[in-house]
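Below, each chain spelled out in residue letters.
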Amino acid sequence: MKTLINWFDHRTGFRSLTKEVLLENIPGGSRWRYVWGSTLTFALFVQFITGLFLWMGYSASSGDAWESVNYIQNEMTGGWLLRGIHHWMAQAMPILLLLHLMQVLVDGAYKAPREVNFWFGVILLKLVLALSLTGYLLPWDQKGYWATKVATNLANLVPFIGPEIQKLVVGGTEYGHHTLTRFFALHAGVLPALIVLLVIGHIYLFRRHGITPAEPIKKKDAFFWPDQVFKDAVACLAVMATVLFFVIWYHGAHLSSPADPSEPFSAARPDWYFLYLFQFLKLPAFAGDKEVWGAIYIPSMFVGLICLMPFIGKWKVGHFFNVGVMFAFLGGAGALTYLAKHEDVAGPNSAIYLKALLDNERDARRAIELARHEGIESTALNLLKTDPKTQGPKLFAQHCASCHRYDGHDGLAHSLPDAKSLDELKQRTSSLNRFASSNSVHPDWSARFKDSNDWQTVEAIIAANREGTFEVIAGNQFKEAPSAPDLKGFASRQWIMDLLRPEIYISKRFFGGTIHKDGDMYRRFLNRKVTKYDEEEKEMLKLVALALSAEAKLPLQADLDKADAELIQQGVDHLIDDISCINCHTFQEPDPDVEGPDLTGYGSRQWIIEFVKNPEHEKFYPESNDRMPSFGKKNILTEKEIGLIADWIRDDYYKAPNSPITH
Amino acid sequence: MDNNEDINPDSSAVPEQDSVVEAISNIDSDIVQEVSDENATSPVACRLSEVETSTESEEDFGERRGFVKFLCIVIGGIVSAVPFGAGIWAYLNPLTREKEGSGDGFVKITTLDAIPADGTPTKFSVISDKEDAWNKFKNISVGAIYLRKEDGKVKALHTVCPHLGCFIDYRSIKNDFFCPCHNSNFKLDGSIVSGVSPRPMDPLKIEIRNKVEVWVKFQNFQPGHDHPIPLS
Ligand code: HEM
Ligand code: FES
Chain A
6 MKTLINWFDH RTGFRSLTKE VLLENIPGGS RWRYVWGSTL TFALFVQFIT GLFLWMGYSA
66 SSGDAWESVN YIQNEMTGGW LLRGIHHWMA QAMPILLLLH LMQVLVDGAY KAPREVNFWF
126 GVILLKLVLA LSLTGYLLPW DQKGYWATKV ATNLANLVPF IGPEIQKLVV GGTEYGHHTL
186 TRFFALHAGV LPALIVLLVI GHIYLFRRHG ITPAEPIKKK DAFFWPDQVF KDAVACLAVM
246 ATVLFFVIWY HGAHLSSPAD PSEPFSAARP DWYFLYLFQF LKLPAFAGDK EVWGAIYIPS
306 MFVGLICLMP FIGKWKVGHF FNVGVMFAFL GGAGALTYLA KHEDVAGPNS AIYLKALLDN
366 ERDARRAIEL ARHEGIESTA LNLLKTDPKT QGPKLFAQHC ASCHRYDGHD GLAHSLPDAK
426 SLDELKQRTS SLNRFASSNS VHPDWSARFK DSNDWQTVEA IIAANREGTF EVIAGNQFKE
486 APSAPDLKGF ASRQWIMDLL RPEIYISKRF FGGTIHKDGD MYRRFLNRKV TKYDEEEKEM
546 LKLVALALSA EAKLPLQADL DKADAELIQQ GVDHLIDDIS CINCHTFQEP DPDVEGPDLT
606 GYGSRQWIIE FVKNPEHEKF YPESNDRMPS FGKKNILTEK EIGLIADWIR DDYYKAPNSP
666 ITH
Chain B
327 MDNNEDINPD SSAVPEQDSV VEAISNIDSD IVQEVSDENA TSPVACRLSE VETSTESEED
387 FGERRGFVKF LCIVIGGIVS AVPFGAGIWA YLNPLTREKE GSGDGFVKIT TLDAIPADGT
447 PTKFSVISDK EDAWNKFKNI SVGAIYLRKE DGKVKALHTV CPHLGCFIDY RSIKNDFFCP
507 CHNSNFKLDG SIVSGVSPRP MDPLKIEIRN KVEVWVKFQN FQPGHDHPIP LS
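As they're listed, the protein sequences go chains A and B.
Quick note: the first sequence uses the numbering used here, first residue 6, plus one each step.
Quick note: the second sequence uses the numbering used here, first residue 327, plus one each step.
Same shape as in the complex, but just chain A:
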């Protein structure tokens, strides 16, 4: 071994180089406080390696970026680990940068003759932040898309050339392929190259001047190797272990749903280390045309001040001033970060913010699920756009929920885990809980006693102070009570049996809010006859319900309908003869004289689509339609959109086996 090393040394002189590197003198001996520079170098190294490997799976185009990152994260063996390390190490870097900067300032290591090196450091800090900013967009998910959009729009504020700068950064006026290609070239090419150059310069200058020992020096000098190296290595190990902890905890890194210019994401925020700037801009002082002060002038002046610190620090007072300024900055930034977070989870718009997070999570999981099951023929976004489970409730909330409900809400609510007691509900509603926990509840959301139908605001439930088990949903509250039937489970056996019970028929959940509560169905059939049914007739009515429900051919009921074929046939007979629904309804054979809606294929996809297109069609309510718009005839909704709603109401869409989603 020794001969080999000697041989190699003769050709390369690596020994003297190693000596140079390893045997740097550290006055006062090795110290833990000197480790931050090394951990940063290490973090950069990790980012370069993992970034390079990510590059091998990443595709920088607006139709492929999310798709390829999803593939890395969810399909590639080890991809989650790779992406996770890159993501979480990027999260660690701002902290390490800060620790490094503070150590340099507090120990006075920035003063003459080290001004230039200090500036190198400041530039490096900016470059690393630029890497984080550009990296945030690369997955092309809702989070990165909307947050980065805000950041690039700020470029607009630059005096004189703002709009041009923005155009150049974005690669046009709109976000698209070129935004990604440009951001990616910056992220993986330009910025890393600059960083390597500056790091070399930084370390060279550092070695030239030597380390600035932290006063007072109590111990003997020592070499860099092995004592300081050992401390550095342990620190790197700690950093890596922390990063790996988060990587494993989150199984990689979060990927929100595919970027969608037509879908707002109210919870888009910059990464946490930019939150203070984000909050700073929200200060009333920067409203209107004064925004440029908060976005550009003041931050630039502050960076300018930092660059002047080596000169200010020449005086003892100056040094204290510098350190004071930095701590004041830290305090301020910390406070602003807290405020930003607090406003999000407990401010006036917190219900919207917290729900937006849940909405996005739902879409993200769905996109991942569909990508896996169906494969992506065009884009992942397109999968979501043609998915009844995703679009149905959105369309329902927009067009139907002003009168109808879906399980008491507008279709978009999220069921949260039940609260087993009032105390649990209270505790989950606390703002402390909302800061951190994923099962937190906002007071504006809704809850109901288990086995009741009516939602109340969580606030009202808590105020009423009655013990119980509660179902909880994250959902919008309504100004008005429902005035048309609740369509959850529409045409299912239960739904039709409920419909045929007089007291439920005229409740708000069914037709109580419509003119039909005074119609023949109630007055002449349910109220006059059904209320007086004997046991045998009640049994027949039940079979009628089965038969009518079978008309819908609901996928969820397919097995039941098949098993009960005989009963269903009996039900059909009763429907025609004994119970005589056909006195008022068409069934199977067209009958122009009856007034009630056609029961043939009731609740089937086709039936729903035709009904929604035109409820006033003679098959349905030619005379007695109550307010429902003719969505198709008036071109409010396309047939495709109506189909999405129908499929969603009928629960007719792909369901992932043991999907983590619970609704």
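Please note: incorrect hints may appear among the correct ones.
In silico DSS-like pairs for lysine-lysine, Cα to Cα no more than 30 Å straight-line [to be verified]:
#, chain 1, residue 1, chain 2, residue 2
1, A, Lys645, B, Lys464
2, B, Lys464, A, Lys399
3, A, Lys390, B, Lys500
4, A, Lys522, A, Lys484
5, B, Lys462, A, Lys645
6, B, Lys449, B, Lys464
7, B, Lys537, A, Lys660
8, A, Lys399, B, Lys462
Hints are computed from structural coordinates only; laboratory data are not their basis.
Knowing the structure of chain A, use the given hints to seat chain B with the ligands on it.
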């Protein structure tokens, strides 16, 4: 330096140093001497040599430092290996990714009438579904084949050259197959006339379904072998 005291092992706990560690420790002591006499004029070196002489006098100190160096190398190795490990794991993904087989592998190509009766080979695109990493394309061309009637029976040959995968041409003037890359020449039945191809053109299984539909089991094969081995 007292921060290191807690890891001071008793001598039995010192692991056996591997040769690299030894070598590095040796370098170290070589260098220390060189530093102290070469740079004796610089103040830094003066301080260094003081340190060294004073520390070396402590009895078991050398051994402890050896252990510290060993730890440095172990820890450094571990933390540097992590990003490489994750990267290489993901990079090796293609080796473990299973190709999704759809059905029996037969693809409908054309109908009997579209193939010339006189035995002239005709090229047909293979239109099928294709999985390409995160994309799944429906009905796109995934390759091409030659179909030819021989005594009324249909024969299929792959268009990909068994040598190194170029596209084999049909030359109507000479009525033969020709690979332009390294001049391999095949007869109409696919057998080799001349050139470097290690095997005849690859035949593909054919089925006639519903009386007139020509279905082919479309596969790609590894290049370079003397018999066809399907790519999987
Ligand atoms: C200090 C250095 C770097 C930092 C701070 C950094 C930061 C980031 C961040 C924050 C993301 C978004 C990750 C996510 O949450 O999904 C990202 C993504 C990415 N980075 Fe870097 N990066 C660095 C260096 C590099 C280098 C050197 C390369 C390539 C040579 C690279 C390639 C990528 C790629 C391909 C992605 C997209 C994949 C993904 O989003 O998971 N990065 N980077
Ligand atoms: S590839 Fe056909 S001869 Fe070489």
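Results for each hint:
1. A:Lys645 with B:Lys464: Holds: A:Lys645 and B:Lys464 sit about 21 Å apart, inside 30 Å.
2. B:Lys464 with A:Lys399: holds, 29 Å
3. A:Lys390 with B:Lys500: violated, 55 Å
4. A:Lys522 with A:Lys484: Measuring from Cα to Cα gives roughly 22 Å; hence the hint holds.
5. B:Lys462 with A:Lys645: Status holds; Cα separation ~23 Å.
6. B:Lys449 with B:Lys464: Roughly 21 Å between the alpha carbons, so the hint for B:Lys449 and B:Lys464 holds.
7. B:Lys537 with A:Lys660: Answer violated: B:Lys537 to A:Lys660 is near 39 Å, above 30 Å.
8. A:Lys399 with B:Lys462: holds, 27 Å
Hint compliance for this structure: hints 3 and 7 are not met, and every other hint is.
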